[in-house]
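Undergrad: Residue-level listing of the chains:
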Amino acid sequence: MMKQITQIGLILVVFAVSLFSASIFLSKYQLTEKSLSEAVSTQVYEQLSAELLASKASNQALNAFEFSAEVRGVLVEKNQIWKDAEAWDLVIWDSPHDFAGKLAMSSVIGPVAENPGLFLFLTFGLAFIGGILYILPNVILLGPPGIKNNHVFHQKSTNRGWIAWVVFTWLIAFYILLYFFPDYTISWAKITSPASEFIKNKPGDRWFLYGFTYCTVMTVMAVRMYIKYRNNRYQIFRTSSVLFFQIAFAFLIPEIMSRFNMPGMDFKNIWPLDYDFFFSWNLDTMLSNGSLGLFMLVWGLILIIVAVPVLVYFFGKRWYCSWVCGCGGLAETLGDPYRQLSDKSLKAWKIERYLIHSVLVFAVIMTGMTLYTFFSGTSEVMGIETQQIQKTYGFLIGSVFAGVIGTGFYPIMGSRTWCRFGCPLAAYLGLVQKFKSRFRITTNGGQCISCGNCSTYCEQGIDVRWYAQRGQNIVRSSCVGCGVCSAVCPRGVLKLENGPEGGRMNDNPILIGKDSASLSHFSEI
Amino acid sequence: MRHVAIIGNGISGVTVARNLRKGDSNVRITLISAESPYFFSRTALMYVYMGHMKFEHTQPYESGFWKKNRIDLIQDYVQSLEFESKTLQFSSGKSLKYDELVIATGSKPNRFGWPGQDLKGVQGLYSFQDLQLLEENTHPPLCKEKDRKVKNAVIVGGGLIGVELAEMLMSRNIQVHFLVRESKFWGNVLTEAEGDLISAELRHHGVNLMMNTELKEIQGNSEGRVESIIDSHGNTIACEFVGLTAGVSPNIDFMKGTKLAVDRGIIVDEYLQTNIDSVYALGDCAQFSTAPAGRRNIEQVWYTGRMMGEVLAKTLLGEQTSYNPGPWFNSAKFFEIEYQTYGQVSSIPEENEARFYWEHENGDKAMTLVFDSKSRLFIGLNVFGIRLRHEMMDRWLRNGVSVDYVLEHLSDANFDPEFYQKHEKSIINQFNTEFSTNVVPKRKSWKRILGKIGA
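Going line by line, the protein sequences match chains W and R.
If you read the first sequence in numbering that gives the first Met the number 0, its first letter stands for residue 0, the second for the next number, and so on.
If you read the second sequence in numbering that gives the first Met the number 0, its first letter stands for residue 0, the second for the next number, and so on.
Hints are not guaranteed to be accurate.
Straight line, CA to CA, 27 Å or less: simulated BS3-like cross-link-like pairs of lysine-lysine [said to hold, decoys possible]:
hint, chain 1, residue 1, chain 2, residue 2
1, R, 443, W, 435
2, W, 349, R, 67
3, W, 349, R, 66
None of these hints come from the bench; they were simulated from the model.
Pulled out of the complex, with its shape left as it was, chain W reads as follows (with noise of 0.2 Å):
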């Protein structure tokens, strides 16, 4: 019986996925006056309309890929014209895609937006409820409550099996579309548009989209979490807490905000995370508008210089990483299955010391030119172009490694690929948990048997086995103290705990228990 739930849970979500995922199919577009007049300003509707309105995509209904290659080919003509005639006030600037996207919102026809409402309920209503169905069964199959990772490394999904392909490809191809082809997924924005006229009172666009899809999978996750974990209330408080900070602060908050036409903001963003903080569309906007902007200025400046060293001190970044973030929210939900394929190996952890501190200079750097060219005026510092260094931050930093790698490979590499090898943030929270904080895992005494589970179950590749075998507390900057190592030792190894900064590094532990071999170096071996 719950054996069958979980199937017909299984058949929704694929049955949603996979709708959501043709509904890019099943739209048509074709531009008309009043669509174009409704994209576009008046003046960009005079440089292109009797080319975009003579083209094919206006003659007939096209699909989202041929639409979209129309206007491009209609948009990249007439600037290259401008261009050559060094008319650079008719230059459209907008990347091409964008400017498509813009014009393929306005002009879709079709089922998807006809009845937005029947497919948010067919995509997101089912893939909700089947989810739910999935999970919910476990309550009663997983037996009595207690870690069960029965399988983990049986199962295609979990050990890098087919399914486990299929599903890095979907969340390859899921993120490369939402970032940087717009104009190919007008449909999901079109799905969501009936919540989004409901919380923010303005049609669906990418963002809004990616946030809702963005707190359904982790509602539907936490469940997961509270069921898995439902003996570990560790594990409980902080699923609740990021699914809170989440659809609270990151999704709600911004857009009731937007819907009163106030500048939104994710107020437990921090920069470098945020790395947009400091450019100058920000700051404008924050400095324009008034006490509230003032506010938000102010506060988020409290966030990097106040909250994180005092927090950090107190707590570790785990107050952070673990139970406030957002990409740390959908790596203790959705990536918590895959949590086990983090790589462990010493060279594993020797890029990622590279890796994440070259981000965070390369954050340092940029947000510094940044500021100076917004404070002088000058739009290049050293003969580079501000704006060019803030691009390429932002495609590759911003969207490749924290949306497309990040979130893409969680079932590969696991789940916490951005955060361990990317996130300029956790670079930042690392250093100070690693130099000045009251955070470390205790080690308790002698009673490791080196059975390996804490390592296995490290999101961030930590190797806590060698660290515990030797009756060593663990004190490592990449430790974002989602307490799993604890909840998964069969032997009550590890306590996750906020201590004396003097009892912390125990760097000659002694395993309890022989008193014949007195102190031990353990430095190379």
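Please arrange chain R on chain W, whose structure you already have, making use of the hints.
TA: Below, chain R alone, put in the same frame as chain W:
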């Protein structure tokens, strides 16, 4: 160059090798094992079978570790020992000369000559090869119901490996019938109430626990495969698998008949020295001629193997050191109930002892405190479903504190994850009622935990 050869790459042998290398960068070290090329955690084999881990995850060191630290690995079986010429003969035909020999060959599962114990589908669980055999003897994980070749399994012997094997088999939808000779579970170690607690946990997970029941005979079919057993009450239980987990004994067969003095294990003195010069033995396979104070003469747990390894490495490094393990501790997990023990808690109270038993109303947490009824000296405790801080327990046992002190400062010793429900008050209230005391719990103090104040 001085050459130390170590037979056995379990926790004992590996600890010797590592600590030896740490103290001497010149000595040549060879680790020999027929079982596996690299050291792995034996206690983690169950997790490989259940799919929590891959076998490689049970290896605490990357394969490059051994080369980097110049510890030579030989995967071969030692056929014979020639003590005069200090030579090992391998079954591959090769041989190896040594200057000092360390024997750490561990244990093997007990077999008591049961009729049918050599049938197919009957096995113990100790080595990597046993794990492979178990994979052969049972069906693959997640297979369809009709393909499950083992529907019922019988496990004989109510100890820790038996419980682990039960959990493993249950993960593949095999009904487990667990034969336990004693009237209480793990009756020679746990108290009656604790045995009941664990029994209830096993039954809760679906194990068919049969107390006061022994194995009489294993019956096979025409293909020589087990098809049923007969128990001591004359009942027949149909089964396709039998797990023999009635303890382990030292794995020393190939040393019998040599000059090496053996009894149940290899006889060693307090320095782990055998009767032959330059030959040492430790871990599961060693038997102390005189047991350390308050301990058994054969100790077959992970921790003691590690401690003996550290001691022997010191001796080999020139600082002769006796095995002096300090307060006893151990731990285990029975399905979802974690167990820790510190100090001396025997299954039956000694004459001078008073005992206190607390159990949570859910039946998944419990604590037994043992103390001297006159002096109130804290002697030891068993704890189930609650984690305690090893360092505190160790310090209290060494410093000889009273049971009242232990209860008063129980919060210092709590090692449960954050936000877990605390039980100190409930424990202390019950204690106060039973013993007419007035122990008042103190709040957790980091100063005490770090040893800056207090006992």
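Undergrad: Determine for every hint whether it applies to the structure shown.
TA: Against the structure, the hints come out as follows:
no.: 1; hint: R/443 - W/435; in the structure: holds (23 Å)
no.: 2; hint: W/349 - R/67; in the structure: holds (17 Å)
no.: 3; hint: W/349 - R/66; in the structure: holds (20 Å)
In terms of the numbered hints stated before, the structure departs from none.
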